[in-house]
Structure formats: structure tokens, C-alpha cells
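Asks: Chain by chain, the residues:
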Amino acid sequence: MTSSPGGASPAPDSAVTTGISNKGLRVGSIGMIGAVVIGISTIAPAYTLTGALGPTVSAVGFQVPAIILVGFIPMLLVALGYRELNSRMPDAGTSFTWAARAFGPWVGWMAGWGLIAATVIVLSNLAGIAVDFLFLLIAQITGNAEIAELTRVVPINVAVCLLFMLLATVVSYRDLQTTQRLQYGLVGFQILVLLVFAGAAVVEMLNGNAFDASPVELSWFNPFEVPSFSAFAAGLSLSIFIFWGWDVILTMNEETKDPDKTPGRAATVTVFLIVALYLLIAVALLMFAGNGTGELGLGNEDIQENVFFHLSGPILGPLAFLVSLAVLTSSASSLQATFVGPARTLLAMAHYDALPRKFAKVSPRFFTPGYATIVSAIVASAFYAVMRVLSENVLTDTITALGAMICFYYGITAFACVWYFRKQWFDSARNVFLTLLAPLIGGLILAVLFVTTLIDSASPDYGSGSEIGGVGLVFVITVVIIVVGLVLMIAQRIASPGFFRGETLGRDAPASARRRRLTP
Amino acid sequence: MSGDRVVVGYTATDAGADALALGARLGAALGAPVHAVVVLPSAENNVSIPTDAGYERLVQDTARGWLREAVAPYPGIHGHVRSAHAVSDGLVAAAEEFGAGVIVVGTGGGAPRGRHRLGTTAEELVHSAPVPVALAPEGAREVDPSVGLPRVTAAIGTRPGADVLLDTAASLSRRSQAPLRLLSLAGVDLPGRVDASLTRLTGQAHAQSVLDAVRTALPAEIEAEAVVGAGSDIEDAVSRIDWHPGEVALVGSSRLAQPRRLFLGSTAGRILRALPVPMIVVPRTSEASS
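Protein chains in written order, with the working numbering: chain L, 1 to 520; chain R, 1 to 290.
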């Protein structure tokens with residue numbers, strides 16, 4: 001079918017065999033609960049919400065619950081296309097490989113670049129959030145509130161963040177796995193703490209102890225109440241970020257106990273859990289803190305970049321350290337799952353000669369993309385350090401830029417699905433929906449979001465209000481990332497043109513199964 | 001050795017090359033088929049990372065490439081890729097699959113030349129494997145294959161339970177036509193008040209009696225000798241003895257071992273620390289004797 005890195009096995013090779021019917025089975029090892037646990041730990045709801053809730057409130061105000069519900073739609077539509085591509089061409093390069101197959105090497109390269117950029121940004125954001133909560137946790141345990149403020153001292157913050165990145169790199173490079181019991185415990189703990197947090201916020205509000213008591217209204221769930229399309233687009237691109245990672249469950253086919261049912265069921269269970277949690281927390285915190293710009297108001301720019309950091313103390317009092325612990329563990333376990341993304345894509349790109357060969361190196365002891373992992377870590381650390389210095393609100397700006405990058409590469413992936421399956425669209429009603437309508441609509445939504453975010457973010461007031469030469473920082477980040485990608489792509493074209501001539505990964509479109517049946 | 005094949009735990013590292021070189025030499029000396037196995041981590045124990053079939057295939061292909069390259073200089077050695085919960089589990093399963101009588105692993109892992117340093121896999125194997133485990137020290141890959149198996153040394157204790165060790169040593173020596181040397185460390189490492197020369201004499205007598213017994217199991221043309229180590233401690237005694245490049249040292253499992261399983265005892269561990277040649281750890285009891 002393809003010459004994908006893992007795709008078809010090489011020509012029969014009498015000297016080397018691969019065991020299939022052996023005891024060390026890979027097939028059928030992950031059950032539904034296991035898949036849900038991996039999904040939730042990858043999405044990391046505690047981390048995601050503390051990072052994304054503030055920026056989302058700043059975009060759409062009280063209509064956060066509506067945006068969370070609507071934001072799931074493009075994610076679902078694209079994920080359906082993603083699943084079609086994955087089952088047709090399972091490949092470590094995912095978006096890169098699929099876009100190259102559908103649209104040729106140039107578009108494929110940029111899709112891979114978008115994926116790498118997005119995950120590298122989220123790595124730096126994850127580590128940044130973890131740093132905040134580490135200091136907060138120490139402050140809460142020692143009872144010394146000044147320690148929490150240390151996170152604002154840039155050199156300390158950057159140093160601790162780099163330390164986190166180093167740890168995460170070692171864990172990823174050596175493929176250190178937590179035990180199943182610990183992982184289940186961490187995910188359970190995370191959900192439990194979020195429930196307690198939301199419950200406490202509501203109780204405090206009902207007891208009249210809220211900062212800015214705002215009784216829940218039906219309009220919070222109505223997306224048409226969002227004041228402008230720009231606000232809607234900004235909110236939507238953020239809510240795509242909060243569901244990002246969910247799609248991995250759909251693609252876990254071969255490793256699950258029942259490939260036909262387990263991934264679908266696990267994905268459904270996960271998404272219901274996640275949406276319920278998100279709505280609960282969003283509503284509870286809005287009820288407690290309101291949308292004002294006061295000290296604890298969700299409209300206050302100073303608390304928006306890390307909402308739980310500022311609200312857990314007022315809401316939970318002495319138990320606030322539980323929230324810190326939940327966010328810390330959630331970021332830590334998500335770091336490992338997130339590291340895999342850019343490293344595997346870099347490796348696959350190098351495998352097809354779209355990047356220098358060094359990136360294709362698999363660690364002979366740990367079987368991880370060793371070189372690519374280290375490079376990803378270095379770039380993410382450098383990105384964080386530069387952003388920490390440049391931006392007034394580094395976490396807010398990275399999250400917004402991240403939303404844009406996700407729209408960019410996910411959008412390309414969705415269109416790749418549509419175009420790749422162009423000869424099979426009308427094979428069946430299922431194909432009409434899964435290979436044409438769903439990814440096309442999802443891709444169009446993401447494309448509109450990307451363009452809108454890009455145009456709006458050029459304004460210096462956008463996001464946290466950080467700017468460079470009168471242009472918004474988010475715009476600068478996004479454009480710089482894409483331009484750097486273009487430059488590197490051209491450099492690779494000059495250094496090693498094989499991939500760009502389609503020698504390693506050709507364009508392709510599977511023929512209609514229908515026509516084959518009609519004309520045997 | 002019980003089974004008649006050799007399984008090598010291969011990785012594309014220096015330690016893996018050490019293991020493969022030793023495995024090849026053992027296989028050639030015994031006339032036994034050799035299987036080099038790369039064990040990949042199984043998705044089973046993965047609870048934190050989204051699995052990706054594409055990446056797993058890429059790793060399998062890469063591993064096949066490593067094996068193809070590694071076995072190219074050794075005609076007749078087969079390469080296999082397997083996956084398991086842990087590398088040691090995978091190698092034990094492979095030993096069963098191929099009917100192997102010995103598992104060979106490298107213990108280089110950053111150790112100085114000629115020395116052993118047990119990594120996780122070797123550590124697990126010498127404490128649980130159901131078949132003998134051969135440990136290839138750093139630099140084993142540089143031993144000239146033409147030396148074959150120049151000598152087999154068995155470290156004998158005075159405690160009962162050494163029968164399997166002696167049988168294994170004698171059979172290894174017989175099949176490879178290599179001289180056998182019995183090494184007694186009985187007089188070493190005793191408290192100062194014990195008369196050292198007396199224990200040395202006892203050790204010599206013991207070694208001689210064991211040698212006489214073993215002699216009967218060996219064809220006349222194979223040389224056999226017994227030596228008694230001397231030194232301030234086990235490590236010192238081992239380093240004072242002469243070792244041919246390429247010879248192997250056999251030690252028995254500790255009495256702490258489960259039936260038919262290996263368990264590297266403390267004395268064996270200390271021998272390993274000073275040993276400049278490969279060590280083969282042998283179970284105390286064999287399938288046949290229990």
C-alpha cells in the first residue's frame with residue numbers, strides 16, 4: 001500500500017523474523033478503562049482548565065459553557081477524518097505523512113511543522129504551569145505565602161522550568177512508565193479534586209461567601225450571546241485546545257482488546273467525562289468569581305493566565321493544596337504523553353528524508369526517538385525562556401498561539417482526509433459522512449478560526465496585550481513560527497531534495513472500491 | 001548445557017555487540033544454533049502514552065535493520081524481534097521458544113574494558129532465569145573469534161548442590177573440547193583467626209577430590225586441573241588467577257534460588273566484580289535432577 005516507515009513489512013528476510021504469535025503479545029492489551037485513563041491523562045483536564053479558562057473568559061465572558069459545547073464540534077469532525085486516515089495509513093508521522101500523501105511534500109512538510117510547533121509550545125506552557133503550582137504547593141504546605149510569589153521572579157521561574165523540562169526529557173527518553181495502579185490513582189485523584197473544587201465553589205457561593213456571586217443563567221449556554229464573531233472565534237480556538245489529545249483514543253486500534261468497539265466506546269466515555277467536568281468547573285467558577293475585573297474576577301487579566309492558582313485558596317482554604325497537587329501531577333503525566341508527539345513526527349519526517357537523518361535515530365536501549373526528543377526539549381525550553389522575558393502574560397499568549405497552531409495543522413489534516421479519499425467519497429453513505437462531510441466542515445471551521453485569530457491577533461491589544469513594534473505578540477509568534485518553518489523547509493529542499501521530488505513519499509489516492517466491484 | 005541452542009539478548013549497542021560475539025563463540029564451540037533477539041517493550045505495560053501503531057511498526061523495522069546488520073558477519077545466526085513486558089521476560093520466552101540452553105547478555109553498559117556491570121535486564125535474568133545465563137563483559141566483542149573456547153573454569157564451593165554446575169561444566173568442556181579448570185575459593189575470605197594455610201590445604205584436598213570425580217566424566221584427551229585461589233578477599237583472589245582471553249567462568253546459583261531458577265549469590269557477585277572474562281551462571285537444580 002505505502003512505503004510508510006512502519007507500513008508494509010520489508011521483503012521476506014530469512015535472517016530476521018518478527019514474532020507475532022508469541023507470548024509477548026501487543027495485540028489486545030488495552031481495555032476500555034485503560035484507554036479512558038490514557039485519554040484523560042493526555043488531555044490533563046486540571047492543567048488544561050487552569051490554563052485555558054481565563055483566556056476563554058476574556059474572549060467570550062459568561063458564555064464559556066456555550067463555547068465549550070460548541071468547541072467540541074470541530075474537534076469531533078476532524079477527529080473522525082483523523083481516524084479514517086489512521087486506519088488507512090497508520091504512520092508515526094500522522095499529519096505530516098497524510099498531508100504529504102494527499103497534497104504533496106510541501107504541504108505535508110508544513111503540516112508536520114505545525115504539529116511540532118503546537119506540541120513544542122504546549123510543552124513550554126505545561127512546564128510553565130507546573131512551575132507556578134510547584135511554588136504554590138510549597139507555599140501552601142509551609143504556610144508561607146511569599147514562596148508562591150517566587151514564580152514571578154523571572155530567573156528563578158526559568159531555572160525551575162528548565163529543570164522540569166530536563167526531568168521530563170529523561171522520563172521520555174528512557175520511556176519510564178508509571179505503574180498502572182499509580183496512573184489510575186493519579187487520574188482518579190485529578191477528577192476527584194476537580195469535583196471537590198467545583199462543589200466547594202458552588203457551596204461558598206450559596207453560603208454568600210462568593211467573591212462576586214453570579215447565579216447561573218441559561219444564556220451562559222447560548223453561543224449566540226457571544227458579542228462578536230471575533231470573540232466567538234477566539235473562544236472557539238481556545239476550546240479546541242481543551243479537547244486536544246482526545247483524538248488519540250480513537251486511533252488506538254491495534255492495541256485495544258476489541259479494536260472494533262473499545263476505541264469508540266472509550267472515546268465516548270472520555271468525552272462525556274471531560275465535557276461534564278469542564279462545564280461543571282466553568283459554571284462553578286463563574287458563579288463564584290463572576291466576570292468582573294476585580295481582584296478575583298475571571299475578567300481580571302492578572303489571574304486569567306492561571307485561574308486555579310488564584311482561586312483555589314479563596315475557595316478551598318486549607319484544602320487548596322489539593323488543587324495544586326492535582327494540577328502538578330496532571331501536568332507531569334501530560335508532559336510525557338505530549339513529548340511523544342513532536343518526537344515521533346520529527347523522527348518520521350527524517351525517516352522520509354524531510355529532515356536531516358539524525359532525527360530518525362531510535363534509541364537502541366529505550367526504543368524512543370532519542371535525538372528528536374532531546375531537540376524538542378531544547379526548543380521548548382528556549383521558547384519558554386524567550387517568551388517569559390518578552391511577554392507580560394506568557395501563559396496566556398502561549399495558549400492563544402497554540403490554539404492558532406492547532407487550527408493550522410488540524411485544518412490541513414482534515415483537508416488531507418477529504419482530498420486523499422476523493423475517489424472513495426461516494427462508495428457508501430458512511431464514506432460520504434466520514435471522508436467528505438465531517439472532515440470538510442471541520443477543516444473549514446478550523447481554517448476560518450485560524451484566519452480570524454491571525455487577523456485579530458495583529459492588534460496590539462490582543463491576548464495579554466503584549467506587543468512587538470505595535471503588532472500583537474500572538475500574531476508575531478504565529479507568523480514567525482510559520483516563516484521559520486518555510487525557511488527550514490527550503491533549506492532542507494536544497495540540502496536533500498529527494499523528499500521534495502516525491503521520491504520517498506509519493507502522492508496517492510486510493511481507488512474507489514465501488515468501481516472495482518463493477519468492473520472486475 | 002541442557003538445551004542445545006543459544007539465545008542472545010541483542011541491542012544495537014556495544015553491550016549488545018559483546019553479547020552477540022560471545023553468543024557466536026559459544027554457538028561455534030558447541031556446534032549449536034544461535035538466535036539473536038531484540039526485545040521491544042510491549043504496549044501492555046503502557047498506561048501513560050497514547051499508543052501508535054505506526055510508530056511501533058517503525059521501531060520494529062528499525063530493530064530488524066539493526067539485527068540484519070548485526071548478524072551479517074555471522075553466517076547462520078538468526079535474528080528475531082519480539083516484544084514483552086520486560087526485556088528479561090522476552091528473553092526467557094525466547095529461550096523457551098527456541099529451546100535454548102543459555103541466554104547471553106552484555107554487561108558492558110559503561111563498565112571499564114573487561115569488566116561487568118549488571119544492568120536491569122542482566123540483573124533480572126541472573127535472579128530469575130530458568131536456564132543458564134552468560135554475561136559478556138565490556139570488550140567481549142573484540143575477542144578474536146578464532147580463539148574459540150580456550151578453557152572452561154568452574155568455581156566450586158564446598159556446599160552441596162554443585163552437581164549441576166559440575167555436570168554443566170563437564171559437558172561444556174566435552175562438547176567444546178576445551179580444557180576444564182576447577183577453581184576453589186574455599187580458603188579465601190575467612191576470619192583472621194582461622195589458620196589460612198590449613199584452610200588452603202582443606203580447599204586443595206576438596207578441589208582434588210572434586211576433580212577426581214569430574215575426571216571420570218571427561219574423555220581422556222581433555223585436560224582437567226584444579227586450582228585454589230588465594231588472596232585478601234574474593235575479588236583479590238580472582239584477579240590473581242590467570243585468565244585466558246575468551247575463556248568462560250561458570251558459577252552456581254545461590255541456595256536462595258527458587259527451584260530451577262537462577263539466583264546470583266553474594267560470592268558469585270563478588271567473583272563477577274573482579275572477573276575479566278564472561279561468566280555463566282548455572283541453576284542449582286536442573287529439570288532432570290528434580
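FYI, nobody ran anything at the bench for these hints, they're computed from the structure. Treat the hints with care, since some could be wrong.
Stated by the list, open to error - Using C-beta positions, here's what the derived DEER-type ranges look like:
1. G143(L) <-> R255(R): 53 to 61 Å
2. Q258(R) <-> K361(L): 48 to 56 Å
3. D302(L) <-> R68(R): 36 to 44 Å
4. S128(R) <-> K361(L): 27 to 35 Å
5. G99(R) <-> R265(L): 40 to 48 Å
Ideal Cβ placement from N, Cα and C applies to all residues, glycine included.
Asks: Does each hint hold? Answer for all of them.
Replies: Evaluated hints:
Look at G143(L) against R255(R): about 54 Å separates their beta carbons, and that is inside 53 to 61 Å. Between Q258(R) and K361(L) the C-beta distance comes to about 40 Å, which lies outside the given range of 48 to 56 Å. The supplied range of 36 to 44 Å is broken by D302(L) and R68(R), whose beta-carbon atoms lie about 60 Å from each other. The beta-carbon spacing between S128(R) and K361(L), approximately 32 Å, falls within the hinted interval of 27 to 35 Å.
Roughly 42 Å separates the CB atoms of G99(R) and R265(L), a value that falls within the hinted 40 to 48 Å.
In summary, the numbered hints that this structure violates are 2, 3.
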